[in-house]
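If you read the sequences in order, they're chains A and B.
Residues 5 to 202 (this note's numbering) make up the first sequence, in order.
Residues 261 to 405 (this note's numbering) make up the second sequence, in order.
Any given hint could turn out to be false.
Unchecked claim - Heads up, simulated DSSO-like pairs for lysine-lysine below, C-alpha to C-alpha not over 27 Å straight-line:
id, chain 1, residue 1, chain 2, residue 2
1, A, 120, B, 387
2, B, 304, B, 286
3, A, 120, B, 352
Since the hints were derived computationally from the structure, they do not count as laboratory data.
So the chains spell out like this:
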Amino acid sequence: MEIEKPAIFSPEQYDAAEVTRIVQLQQNSQQPIPDPDGWLDEELKRNVVLTTVDFLFDQARARSTFPFLLGLACCALEMMSAGMSRFDFTRWGLDIARWSPRQADLMIVAGTLTWKMAPAVRRLYDQMAEPKWVIAMGVCAISGGTFRESYSVVPGVNRIVPVDVYIPGCPPRPEALIYGINLIQQKILKDSLVRKHD
Amino acid sequence: MTSLNSEETAKKIASAFPGSVTAADKNAVIVDSKSLYQVADYLKNSAEFDFNYLANLTSVDYTDYFEVVYNLVSLNRNHSLTLKTRCYEREKPTVPSVVSLWRTADFQEREIYDLMGITFSGHPNMKRLFLWEGFQGHPLRRDYL
Numbered sequence: 005m006e007i008e009k010p011a012i013f014s015p016e017q018y019d020a021a022e023v024t025r026i027v028q029l030q031q032n033s034q035q036p037i038p039d040p041d042g043w044l045d046e047e048l049k050r051n052v053v054l055t056t057v058d059f060l061f062d063q064a065r066a067r068s069t070f071p072f073l074l075g076l077a078c079c080a081l082e083m084m085s086a087g088m089s090r091f092d093f094t095r096w097g098l099d100i101a102r103w104s105p106r107q108a109d110l111m112i113v114a115g116t117l118t119w120k121m122a123p124a125v126r127r128l129y130d131q132m133a134e135p136k137w138v139i140a141m142g143v144c145a146i147s148g149g150t151f152r153e154s155y156s157v158v159p160g161v162n163r164i165v166p167v168d169v170y171i172p173g174c175p176p177r178p179e180a181l182i183y184g185i186n187l188i189q190q191k192i193l194k195d196s197l198v199r200k201h202d
Numbered sequence: 261m262t263s264l265n266s267e268e269t270a271k272k273i274a275s276a277f278p279g280s281v282t283a284a285d286k287n288a289v290i291v292d293s294k295s296l297y298q299v300a301d302y303l304k305n306s307a308e309f310d311f312n313y314l315a316n317l318t319s320v321d322y323t324d325y326f327e328v329v330y331n332l333v334s335l336n337r338n339h340s341l342t343l344k345t346r347c348y349e350r351e352k353p354t355v356p357s358v359v360s361l362w363r364t365a366d367f368q369e370r371e372i373y374d375l376m377g378i379t380f381s382g383h384p385n386m387k388r389l390f391l392w393e394g395f396q397g398h399p400l401r402r403d404y405l
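Next comes chain A alone, as it looks inside the complex (with noise of 0.2 Å):
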């Protein structure tokens, strides 16, 4: 049986070989290189989209306004449910409940307020960080309520912070508590970089 033997070249062979990849590696390098970014002039001006920073920080803002929950009274119940999976205010963009002020920007007072309580709260809010909006929650946030007579609370927590919404309610539903979060966002929205809180 006869082996069949590789082909073993000459070193002329070697050289001829060589020379004819070189060429043809010359000759196929001579077409222009197209501009990498060509595509771009066009590209631009299909994805790209001029604004303000008031309006991107305005949506950024409006879309993750993290609340402080400031749960006083029963109306922290109501607003647990409106956190919990049938509500889900985290689809309005609540994400995380903070319990320290210095991480949250929004803050809901949701419940009666005492005297004895009212230094604590007007301390929470000062340690939040600007920029920062507050609801009052329930009819016992906004004036005192049934108990505004008493000697004990505070007849609306307006005359301890300064309040954005009021949601009126004795609980307020869930439902409203968001619809009072959308009125919040929508103040955002038209809020300003440049804006001062006194």
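Chain A is already provided as a structure; the job is to place chain B on it using the hints.
Frame of chain A, contents of chain B only:
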């Protein structure tokens, strides 16, 4: 839990401390406030009554007098008793404190002092509990606004 017959209990208290019981009906034993601490000590530490648990401590304003109500429970003997004492002083009513017998009485007596204005002599920390220092008056009194 059985409620002790308060009329029989009143007789036992009266025989141990003559003159301490001012009245007794089927609901409660009413003792003189001067001998309240001795009676409470007796009710807690005697083997017969063994009231080791003060379930509640509250007060009532009857406009003529104040009444302080002690709901005593024995967890070992599974019986209970209502003990009352009266205070006819209006301006500065004082009742002996039972904090050294039942630690539960600490906050309860402070609450009564805060809202009803009854001072408990011998209390280690007699100051307001719910309202702030400097609050005028005692809101649960009948004559408060």
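| Structure versus earlier hints - violations, ascending order | The structure conflicts with no hint, since it agrees with every one listed earlier.
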